[in-house]
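J.: Here is how the chains run, residue by residue.
There are 2 protein chains.
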Amino acid sequence: MTLEAFFTPRSVAVIGASTKPQKLGHAVLANLVNGGFLNETRRVYPINPKAETILGLQAYPSVLDVPDAIDLAVIVIPYPHVPDALRTCGEKGIPAAIVISAGFREAGREGLEREMELVSIAHQYGLRLIGPNCLGVIDTVTPLNASFSAGMPPGGPMAFMSQSGALGTAILDWAQAGRLGLSKFVSLGNKADVSEVDLLQVWAEDPDVRVILIYTEGLPDGQAFIRTARRVSEKKPIVAVKSGVTKAGSRAVSSHTGSLAGSEQAYHAAFLQARVLRAQSMQDLFDQALAFGYLPPLRGDRVAIVTNAGGPGILATDALERAGLSLARFQPECIRELEQFLPDAASAANPVDVLGDARADRYRFALERVVADPGVDAVLVILTPQAMTEIVETAQAVAEVAARVPIPVLTCFMGEARVGAGIEVLERYNVPNFPHPERAAGALQAMSRYRRYRAEPEPEYESFQVDQAAVRAVFDRTLAEGRVTIGDAEARAILQAYGLEIPPSELASNPEEAVEIANGMGYPVVLKVASPDILHKTDVGGVKVGLQNAGDVRDAFDLITYRAQRYLPEARLWGCLVQKMVPPGLEVLIGMNRDPQFGPLVTFALGGIYVEILKDAAFRIAPFSRREAQAMLGEIRAKALLEGVRGQPPVDQQALVEALLRIGQLVLDFPEIIELDINPYVVYEQGQGGIAIDMRLVLKPASRSLDAHSLPPAEGSVP
Amino acid sequence: MTLEAFFTPRSVAVIGASTKPQKLGHAVLANLVNGGFLNETRRVYPINPKAETILGLQAYPSVLDVPDAIDLAVIVIPYPHVPDALRTCGEKGIPAAIVISAGFREAGREGLEREMELVSIAHQYGLRLIGPNCLGVIDTVTPLNASFSAGMPPGGPMAFMSQSGALGTAILDWAQAGRLGLSKFVSLGNKADVSEVDLLQVWAEDPDVRVILIYTEGLPDGQAFIRTARRVSEKKPIVAVKSGVTKAGSRAVSSHTGSLAGSEQAYHAAFLQARVLRAQSMQDLFDQALAFGYLPPLRGDRVAIVTNAGGPGILATDALERAGLSLARFQPECIRELEQFLPDAASAANPVDVLGDARADRYRFALERVVADPGVDAVLVILTPQAMTEIVETAQAVAEVAARVPIPVLTCFMGEARVGAGIEVLERYNVPNFPHPERAAGALQAMSRYRRYRAEPEPEYESFQVDQAAVRAVFDRTLAEGRVTIGDAEARAILQAYGLEIPPSELASNPEEAVEIANGMGYPVVLKVASPDILHKTDVGGVKVGLQNAGDVRDAFDLITYRAQRYLPEARLWGCLVQKMVPPGLEVLIGMNRDPQFGPLVTFALGGIYVEILKDAAFRIAPFSRREAQAMLGEIRAKALLEGVRGQPPVDQQALVEALLRIGQLVLDFPEIIELDINPYVVYEQGQGGIAIDMRLVLKPASRSLDAHSLPPAEGSVP
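Residue numbers (numbering that gives the first Met the number 0), protein chains in the order written: chain V, 0 to 718; chain D, 0 to 718.
Just so you know, these hints were derived from the structure itself, not from any lab.
Here the structure is a predicted model, which is why all the values come from computation and not from measurement.
Even for Gly, the Cβ is constructed at its ideal location relative to N, Cα and C.
Warning: the hint list may mix true and false statements.
[What the hints assert, rightly or not] Just the calculated beta-carbon pair ranges, DEER-fashion:
| id | chain 1 | residue 1 | chain 2 | residue 2 | range |
| --- | --- | --- | --- | --- | --- |
| 1 | V | Glu480 | D | Val644 | 33 to 39 Å |
| 2 | D | Lys234 | V | Arg298 | 50 to 56 Å |
| 3 | V | Tyr428 | D | Lys614 | 57 to 63 Å |
| 4 | V | Gln629 | D | Arg358 | 54 to 60 Å |
| 5 | D | Arg571 | V | Pro648 | 32 to 38 Å |
| 6 | V | Val544 | D | Arg226 | 53 to 59 Å |
| 7 | V | Lys234 | D | Glu634 | 42 to 48 Å |
| 8 | V | Glu338 | D | Glu457 | 50 to 56 Å |
| 9 | D | Arg226 | V | Lys234 | 56 to 62 Å |
| 10 | V | Val544 | D | Gln687 | 49 to 55 Å |
| 11 | V | Gly35 | D | Ala386 | 17 to 23 Å |
| 12 | V | Tyr428 | D | Gln123 | 53 to 59 Å |
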């Protein structure tokens with residue numbers, strides 16, 4: 000069912016419409032009446048059993064008493080009565096309801112139960128629900144103000160959805176002061192039914208929306224969000240602030256991956272994959288909103304600066320460089336013409352310094368000449384209020400030029416007392432103005448990122464021929480034995496089933512068997528303790544490398560089993576894994592950690608010190624494409640090691656990409672895997688592939704529910 | 000000579016005072032007259048040979064015609080006449096002059112010569128000079144407006160010095176809109192005489208200045224700036240924006256240190272050592288200025304949040320955490336009392352959520368209770384404009400409480416249209432308000448940093464017993480031979496002279512000599528090519544390690560000399576250095592690069608991959624204290640390697656500190672060293688010291704001047 004009844008209803012009932020001006024139920028009704036919604040064909044019905052009329056409108060005791068069809072109900076009554084009211088809406092056949100009332104999930108267990116009741120009523124009647132515990136919905140195009148906001152914001156190209164109603168009030172207050180123009184505003188509240196994902200789908204198709212803004216504290220259906228946002232971002236930019244970036248910490252983790260991959264990393268990866276532009280603050284969100292809302296798309300990263308002051312020009316240059324943009328290099332004709340027109344002391348190179356005594360005509364000339372240079376993708380006009388500066392006239396000139404060119408022109412008029420009049424002109428003509436060059440650079444950086452997002456091909460998810468049954472067999476056996484951890488000895492079968500190279504190895508239950516196996520595979524070999532209860536083998540002295548002969552193997556076997564028993568007397572010991580020692584290569588880590596909101600968060604990191612000390616890692620949420628896996632390799636700080644340094648050949652990046660993709664498939668095929676570490680995966684030079692040396696894996700206990708929030712602490716961790 | 004005549008003159012002459020309102024010379028005079036300067040005892044003298052009176056004041060043809068003494072001259076005449084005018088000022092005995100006229104250093108070589116002429120006139124007459132090419136000087140306390148600004152800014156606790164006059168106009172425009180209150184404003188212009196250093200000294204003693212703000216594009220006398228700023232920062236905070244953070248790039252560099260240590264690193268180190276708070280943008284500067292200007296000092300990092308909305312509370316929590324501050328934990332009584340007074344649904348823990356329906360009284364109660372908790376060092380009050388919110392009354396309540404408590408109370412009133420009235424109240428009472436929690440957190444972060452700066456002891460510079468003569472002898476010989484580079488073989492004497500441990504080694508001119516030396520010192524040994532023309536020995540295969548016997552040494556000697564000749568036929572070959580092979584340890588790099596503005600910039604980095612790929616390095620400008628050297632070790636990202644990881648013992652940090660201090664002394668003692676690399680320096684576990692394995696050093700050519708700007712590209716670099 001579409002959500003159009005929330006934005007373009009023909010009739011709205013306010014359940015709890017009040018005669019008392021201080022009540023929210025009155026404010027909602029007043030907003031509907033004063034917000035311009037009513038016309039010849041549109042109706043508003045106050046629902047109040049005790050009133051005859053409210054604000055001149057006939058009141059009804061119940062929606063069932065309203066003679067006509069109702070498209071939208073707004074519910075503003077004490078929480079105990081909300082379920083009944085919603086049920087009545089269902090009976091009336093109302094397709095959409097906004098529940099403003101609080102007292103639900105946010106108020107504890109009873110509230111949560113009440114909220115679940117709302118959801119089940121909505122499902123029963125096929126009714127869509129926004130809220131509860133929200134501020135309401137505004138559509139400035141309809142126009143519809145079905146909220147208790149203080150008045151109607153000015154119209155504009157931005158659509159805003161906020162999980163926080165309070166933040167919504169601040170946003171509307173900024174909008175009313177002229178800082179941004181809104182086409183839609185939705186306070187999502189508890190998101191019992193309608194969520195970010197639903198609104199993205201609707202707003203993607205809405206011609207009145209040029210940019211979608213989101214404030215969220217969490218995205219429960221993370222995978223749907225990624226899929227939807229990526230599709231929508233093809234059409235229009237999505238900018239989001241995610242708050243509550245808490246430390247990982249709360250859940251005990253036993254893997255490297257777990258210690259690296261917290262909720263912050265998951266959101267970072269998710270927004271990248273969803274092509275959502277992440278704002279660092281509400282200020283940053285507004286800055287980006289202005290740019291996307293009012294400017295034509297950026298076609299390249301070459302920015303021209305026109306300024307009447309050197310200092311701010313330098314600040315802007317610094318900021319653009321930091322933001323990854325470049326200063327445009329003008330064509331010779333452009334420089335020549337600028338030189339002819341501008342005074343001698345002016346700079347005709349970029350930044351163009353029109354000098355402190357520039358009046359509006361000089362700004363206009365420089366701007367017109369610069370926008371005509373094909374090497375210029377955007378122009379930042381900077382103004383400081385010097386003695387001769389014509390502030391308002393310059394604003395006018397900039398606005399006129401900006402309106403007729405196909406590239407973004409933005410401004411940085413610095414100051415307030417005198418400069419304010421110029422800023423008002425710019426705002427009137429929808430020229431985005433920023434008080435400081437750094438913020439203009441930030442907005443351009445977002446536009447540039449969106450340009451690159453748009454240029455990315457649609458991700459294609461590959462599917463490898465694998466042997467799911469073999470993996471299932473290992474898991475079944477493990478869980479049947481009451482275990483949830485799988486170490487090296489058992490993991491081999493899993494890796495093999497998913498097509499990853501592993502070193503030849505075999506389980507030996509006594510020293511003589513180990514020698515026999517080693518003789519068969521050839522020296523040197525490695526011995527590793529094989530026990531379902533020991534995951535961190537090196538910590539208990541459970542690994543011996545570089546064994547050269549039968550004597551070494553015998554000694555190592557005895558030493559390893561002796562130590563393992565001493566450290567963990569209760570551990571089940573299967574013996575030792577004898578493994579052919581692989582040639583040295585670059586050690587990397589490939590891991591996965593199941594995020595409560597987004598699911599399988601796959602990690603790539605360099606091994607050893609890099610991951611342990613520098614936390615140098617890259618993340619993606621499965622599924623991801625080959626291109627995205629390749630991008631992960633480029634996101635680590637020490638990526639030069641993959642490309643070859645100091646005469647070393649580059650490593651086999653394709654082997655790494657392939658391994659990442661296959662692990663991505665494994666963790667999607669088996670949602671019961673909650674943690675996984677391949678550490679190390681040794682990669683060789685280009686064309687030589689790589690080998691998964693060691694793996695550990697943690698399963699969700701068979702008895703537990705699938706709710707990721709109740710994941711058990713990973714077991715089997717050895718202190 | 001003090002600079003008081005610039006701020007509190009009794010008489011001011013305006014040379015170039017004009018009758019025409021559109022002229023700067025008129026604007027300056029008008030500002031003096033309208034800015035409130037004139038009273039019974041103060042005089043302003045327009046100097047204009049063609050006018051009788053201007054703005055009602057009697058004009059004089061020359062300062063020499065003025066019957067009384069003149070304390071300050073403001074010169075606003077075309078540049079060709081400025082030198083003569085300044086000379087006349089000198090003859091008149093005027094102690095201070097502001098040269099507003101442009102057309103000097105900024106206008107090319109002739110202009111530079113004209114500026115040098117001004118400086119020499121000033122020296123001749125003992126006259127101090129601000130400018131040329133500036134906006135002028137404002138003192139709102141005197142009050143004195145000796146500038147062509149558009150009016151007088153409101154008074155306040157901030158003093159601002161700006162290298163850019165244009166930026167100054169923007170700052171004054173923001174001030175006039177009520178955003179900040181200025182005690183002093185100085186446009187420094189070309190800084191021919193009076194510089195940042197001078198103003199720091201004056202403002203340190205000025206009771207009307209609580210915070211010093213700087214916009215600078217460069218600090219030519221960097222060492223004086225560090226010394227002065229550090230002293231001044233004991234008394235009051237200094238906040239600076241440095242623009243023009245350009246890429247290193249321009250100068251060819253042949254060392255690792257050179258590729259790491261650009262101007263950006265030098266400024267970073269200098270501001271740390273000078274205890275100057277660096278603002279990332281002008282916006283950041285203003286935010287910090289508000290906090291320092293109007294708030295009591297921060298005594299700890301524990302912040303309480305009082306908010307009427309959950310979302311912004313989370314944003315604030317995130318921002319405080321990112322800024323390195325912590326959320327205060329309230330005492331039980333505090334929580335109990337909050338719980339008693341606040342509604343059930345409110346949160347009495349930090350952040351205190353007073354709920355969306357909070358009126359001013361609830362805010363007041365919560366704030367009063369929270370400031371009384373001894374575990375709270377600062378309070379951030381957040382307000383969103385919800386239906387019941389009493390915006391102005393809440394602002395009033397916050398201002399009243401803030402005024403009488405000894406800890407910083409700052410606000411984040413979010414919104415503008417309705418919230419604006421509340422913000423005005425806050426501004427009236429000097430409660431710093433920030434539109435977004437992130438900016439409030441940024442201001443608190445700066446206060447916290449200043450608190451830590453203040454807690455640092457005064458740095459003590461140690462002086463080691465060294466053998467300067469030995470070093471001088473090496474340099475003299477090198478320069479006498481027409482060389483500027485010094486490699487390993489010669490560097491040994493230098494390191495030894497400055498007390499750094501070096502491995503036993505000796506120069507061998509033929510294979511047999513090498514064997515004899517090796518036999519004497521014991522195996523294993525290392526052979527290194529010894530040539531003044533080969534600095535990057537490994538690049539030409541000039542190093543062989545792990546030589547176990549006489550045969551190895553003979554082979555290595557021949558191989559190294561053959562290869563060196565093949566790669567660089569013109570290189571002078573002295574033979575090979577035979578070096579006792581040292582036990583393995585952690586390899587670090589200690590280097591120095593002479594910065595044009597600040598002088599010796601000393602680098603510390605981990606060796607190998609860390610410095611090459613991760614650019615993981617820390618910097619200080621010599622001289623630095625033992626404490627500062629120790630701090631360098633803690634600034635590298637991979638610092639855990641120094642502390643010992645995975646069972647490794649910690650390294651001998653004291654040995655590293657000592658080596659850094661000794662190198663600091665070396666490069667101060669010998670300004671002719673322009674680059675230096677000790678790479679690797681091998682450090683052992685605690686108590687075991689470290690050894691400088693290899694060093695290279697570049698001297699300034701003897702014939703060149705000392706001007707660091709004209710440093711030659713480092714020579715001897717092997718591609």
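J.: Any hints from earlier that this structure breaks? Give me their numbers in increasing order, please.
T.: 3 and 10
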